[in-house]
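The chain contents come next:
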Amino acid sequence: MPDQFIIELQAVNKWFGAFQALRNIDLKVARGEKIVVCGPSGSGKSTMIRVINRLEAHQSGRVLVDGTELTGDLRAIETIRSEVGMVFQQFNLFPHLTALENLTLAPIWVRRMPRREAEALALQLLERVRIPEQAHKYPAQLSGGQQQRVAIARALAMRPKIMLFDEPTSALDPEMIKEVLDVMVELAREGMTMVVVTHEMGFARTVADRVCFMDAGEIVETAPPAQFFGAPRTGRAKLFLSQILGH
Amino acid sequence: MSWLRANLFSSWPNAIVTLLALWLLWRVLPPFVDWAFLDAIWSAPDSKACRAAKGEGACWAFIAEKHRFILFGTYPYEEHWRPALCILVMLALYAVSALRRFWRPRLVLFWLAGLAAVGVLMWGGVFGLGYVENERWGGLMLTLLLATFGIAFAFPLAIPLALGRRSQLPVVRGFCVGYIELIRGVPLISLLFMASVMLPLFLPAGVTIDKLLRAQIAMILFAAAYLAEVVRGGLQAIPHGQVEAADALGLSYWKKTALVVLPQALRIAIPPLVNTFIAFFKDTSLVLIIGLFDLLTSIKVSLQEPAWAGFGVEAYIFASLVYFVFCFTMSRYSQGLERDLSGQLRLGAKAGALRDA
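Taken in sequence, the protein lines are chains C and B. Every number in our numbering is 8 more than the matching position in the first sequence, counting from 1. Every number in our numbering is 4 more than the matching position in the second sequence, counting from 1.
Source of the hints: derived by calculation from the structure; they are not laboratory data. Predicted model, so just to flag it, every value in this text is computed and none were measured. For every residue, glycine included, the Cβ atom is placed at its ideal position computed from N, Cα and C. Hints should not be assumed to be uniformly reliable.
Said to hold, decoys possible - No farther apart than 27 Å at their CA atoms in a straight line, the calculated lysine-lysine pairs in the DSS-like style are these:
1. C:K169 with C:K186
2. B:K215 with C:K145
3. B:K286 with B:K304
4. C:K246 with C:K36
5. B:K304 with B:K215
6. B:K304 with B:K58
7. B:K52 with C:K145
8. B:K52 with B:K304
9. C:K169 with C:K36
10. B:K259 with C:K169
11. B:K260 with C:K169
12. B:K286 with B:K215
What the hints assert, rightly or not - Quick list of the computed label-pair ranges, beta carbon to beta carbon:
13. B:P191 with C:L131: 50 to 60 Å
14. C:P48 with B:Q240: 47 to 57 Å
15. C:I252 with B:A102: 52 to 62 Å
16. C:G69 with B:A102: 53 to 63 Å
17. C:R124 with B:S171: 33 to 43 Å
18. C:N21 with B:Q172: 20 to 30 Å
19. B:F179 with C:A224: 16 to 26 Å
20. B:L203 with C:N21: 54 to 64 Å
Construct the complete structure from the given sequences, taking the supplied hints into account.
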């Protein structure tokens with residue numbers, strides 16, 4: 009039943025020059041599943057999720073997203089990207105466009121959605137991330153938490169089948185983390201397939217179906233959160249957990 | 005008083021420099037004001053009055069006498085309304101382009117229409133307008149024409165050159181790098197010489213391109229290379245995250261470039277762009293060496309008339325003033341724009357820096 013898995017990584021390797029960023033990664037994500045990826049910095053977490061929408065190209069192994077294999081074929085890549093939403097650590101909103109225009113850009117130009125329809129959808133999404141009143145502001149006029157919520161809404165505006173989150177709360181002030189996590193929890197409840205790189209272990213406990221622990225470019229351990237936090241199997245995971253939960 | 009002390013007399017050396025500067029101004033300014041304004045001759049039927057006052061007062065009558073020639077060169081006298089209208093059309097193009105409200109794709113159409121109108125008015129031969137060969141175009145009109153058409157064509161050329169220089173396709177990148185470096189490595193004067201002297205040698209017999217067009221093409225090619233580097237500077241200032249965000253949404257290369265990268269890059273590049281425009285506007289005066297009649301040439305030629313020979317100071321002050329008005333306007337505009345736009349982009353950058361800290 010291959011169609012059950014919306015993302016499949018098979019023996020994926022990736023090098024940056026001499027440095028091996030990903031080693032034999034195997035990961036299958038089922039439709040509607042929520043995966044939290046954690047691990048020390050430089051362990052390849054970001055690289056792994058960036059391979060899923062080919063912001064990084066893998067050098068060996070296979071990557072299948074929604075039944076399409078990612079190769080050098082540009083068309084296929086653009087199609088996959090339009091169906092995989094991504095949220096970045098640094099938000100990466102377009103500073104020359106208002107919040108609303110950030111949301112309508114891709115639906116209008118990639119999906120060829122009529123402007124009016126795109127704007128209606130955008131307003132509805134801004135409502136959903138609880139900032140409809142900021143629609144006509146520029147990113148620079150918004151707080152970090154608001155910007156990140158606009159960024160989530162921007163990704164959702166393409167009606168993606170998968171959402172990738174690359175440390176979405178790491179660049180935020182502590183008091184803004186909750187408002188972003190709340191939106192993500194809600195999204196998870198609605199059944200979105202999510203792969204989230206984060207150190208927010210509370211989020212992992214409540215939302216994740218599986219936690220995927222990476223170190224030195226490998227997936228060291230994959231387990232349901234209760235098992236991963238309660239009784240990690242590997243020494244490396246134990247060490248990592250003691251470091252981030254220890255204080 | 006405290007301002008004086010703080011800014012002009014803050015220390016002994018400062019005080020001495022201030023006093024010295026004041027003394028120099030007192031020696032230079034009153035005589036200049038006398039010469040340029042109080043004792044100046046503003047109008048005169050011929051140059052006799054000016055000759056009598058030579059050395060005491062400026063002869064602005066010379067400018068008054070020759071202003072038609074300085075503005076329009078040897079364009080037929082009774083048709084002067086045509087180049088005059090062209091100047092207005094070009095000024096209107098500048099004014100509209102300066103307003104951010106009009107920064108829409110439609111601005112391109114507006115420019116095409118404006119440039120076409122200028123071409124029709126100057127050449128004539130249609131709509132009952134008499135044909136005027138471009139040998140007779142000249143003066144301020146020609147300077148504006150060279151600058152306007154130069155920038156209007158060089159700018160669209162510069163953008164693909166700048167993008168091409170960052171391309172991952174080796175052939176495209178090689179061509180763009182080669183072109184930009186080749187043109188930048190050669191002074192404009194030699195390009196103009198090549199265009200006016202060498203180009204005809206290479207063309208097959210019977211094919212001729214007229215002198216003005218050759219010079220204009222040389223200037224466009226020259227300006228495009230410089231503008232391309234300015235645009236590239238803007239492109240380099242765009243954080244990679246912007247490109248990734250556009251990629252992640254599934255935007256193709258061209259859509260990403262047109263909708264996300266260029267709008268930001270060009271805004272960042274506005275001050276150096278205007279700087280290049282200013283330099284280019286003044287560089288048009290180099291066409292003097294290949295015998296085209298721009299503002300500076302027409303002033304020089306005016307001085308060759310025996311009756312008015314010898315009033316070079318007035319003539320060149322006037323020329324400087326004209327260039328200054330245009331360049332200073334551009335400069336002020338760019339400063340104002342920079343302030344306005346800082347509300348969006350610069351603030352964004354600052355907020356980012358604060359977050360990262």
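How the hints compare with the structure:
1. C:K169 with C:K186: 24 Å, holds
2. B:K215 with C:K145: With Cα atoms ~53 Å apart, K215 of chain B and K145 of chain C exceed 27 Å; violated.
3. B:K286 with B:K304: 16 Å, holds
4. C:K246 with C:K36: 24 Å, holds
5. B:K304 with B:K215: With Cα atoms ~20 Å apart, K304 of chain B and K215 of chain B stay inside 27 Å; holds.
6. B:K304 with B:K58: 19 Å, holds
7. B:K52 with C:K145: 68 Å, violated
8. B:K52 with B:K304: 20 Å, holds
9. C:K169 with C:K36: 15 Å, holds
10. B:K259 with C:K169: 23 Å, holds
11. B:K260 with C:K169: Status holds; Cα separation ~22 Å.
12. B:K286 with B:K215: 20 Å, holds
13. B:P191 with C:L131: 50 to 60 Å: 57 Å, holds
14. C:P48 with B:Q240: 47 to 57 Å: 33 Å, violated
15. C:I252 with B:A102: 52 to 62 Å: Holds: the Cβ-Cβ distance is about 55 Å, inside 52 to 62 Å.
16. C:G69 with B:A102: 53 to 63 Å: With Cβ atoms ~55 Å apart, the hint holds.
17. C:R124 with B:S171: 33 to 43 Å: Once the Cβ atoms are compared, 37 Å apart, the range 33 to 43 Å for S171 of chain B and R124 of chain C holds.
18. C:N21 with B:Q172: 20 to 30 Å: 23 Å, holds
19. B:F179 with C:A224: 16 to 26 Å: Given about 43 Å between the Cβ atoms, the range is violated.
20. B:L203 with C:N21: 54 to 64 Å: 57 Å, holds
The structure does not agree with the numbered hints 2, 7, 14, 19 stated previously, though it agrees with the rest.
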